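Heads up: the protein sequence lines correspond to chains L and R, in order.
Under this note's numbering, read the first sequence as residues 2 to 119, first letter to last.
Under this note's numbering, read the second sequence as residues 907 to 1020, first letter to last.
Treat the hints with care, since some could be wrong.
Said to hold, decoys possible - Below, computed lysine-lysine pairings styled on DSS-like, alpha-carbon distance capped at 25 Å:
hint : chain 1 : residue 1 : chain 2 : residue 2
1    : R       : K1019     : R       : K960
2    : R       : K977      : R       : K911
3    : L       : K15       : L       : K79
4    : R       : K974      : R       : K1019
5    : R       : K960      : L       : K79
6    : L       : K58       : R       : K960
7    : L       : K98       : R       : K1007
8    : R       : K960      : L       : K98
9    : L       : K79       : L       : K12
10   : R       : K960      : R       : K974
11   : R       : K977      : R       : K960
12   : R       : K977      : R       : K1019
Don't read these hints as lab results, they were simulated from the structure.
A quick note: this is a predicted structure, and the numbers were derived from the prediction, not measured.
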Amino acid sequence: GAGVSQSPRYKVAKRGQDVALRCDPISGHVSLFWYQQALGQGPEFLTYFQNEAQLDKSGLPSDRFFAERPEGSVSTLKIQRTQQEDSAVYLCASSLKEVTSSYNSPLHFGNGTRLTVT
Amino acid sequence: DQQVKQNSPSLSVQEGRISILNCDYTNSMFDYFLWYKKYPAEGPTFLISISSIKDKNEDGRFTVFLNKSAKHLSLHIVPSQPGDSAVYFCAASDSSTNAGKSTFGDGTTLTVKP
């Protein structure tokens, strides 16, 4: 289908390993968001891209977390030296318009990547 | 301190009846509110939203009510159907343009029994 695609679906990492999570947004979508969802909780905002520009990274929990979207389409969330508290579902969402637009453009979420750090 | 609270972790309703899901918030800067629905192993899906200039918004079987003075909103589903069984998240932001940076509640699991 033409939805937001995330890979891998599941990732198990040993503590201290680096991981990379991929997000393919809906084609043509300007805005892209990453969220972290811990078990039993709602999603928490991590970072936002408008095309290739990372306009907000206020939600990234530490400098071990890094995100990029170099060509304004696919995005990668990288976590270095993973810790057990990083275990969560990482959700990506995209929307058609830039956030600064007054038009209410709904978010389309992917199915997430479940990261387990052992 | 949780700024968006969904105090009922679960709700069970008979098919055909009304489902009422509640949400409270503490941040007076919140001006735009959304409800998302989430099936297991899938990402959330946007359901309905409301701006603080309104106290009600309706879309088919789904109606959201906002009581700004009480900092409370609710989602009504009438009539409830078994396919509505899912986790429902309430979310709030300071404007519609910042909806992507919303603060989410922890969700309420709705079960609609046939």
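List of violated hint numbers, smallest to largest
Result: hints 1, 4, 5, 6 and 12 break, sorted rising.
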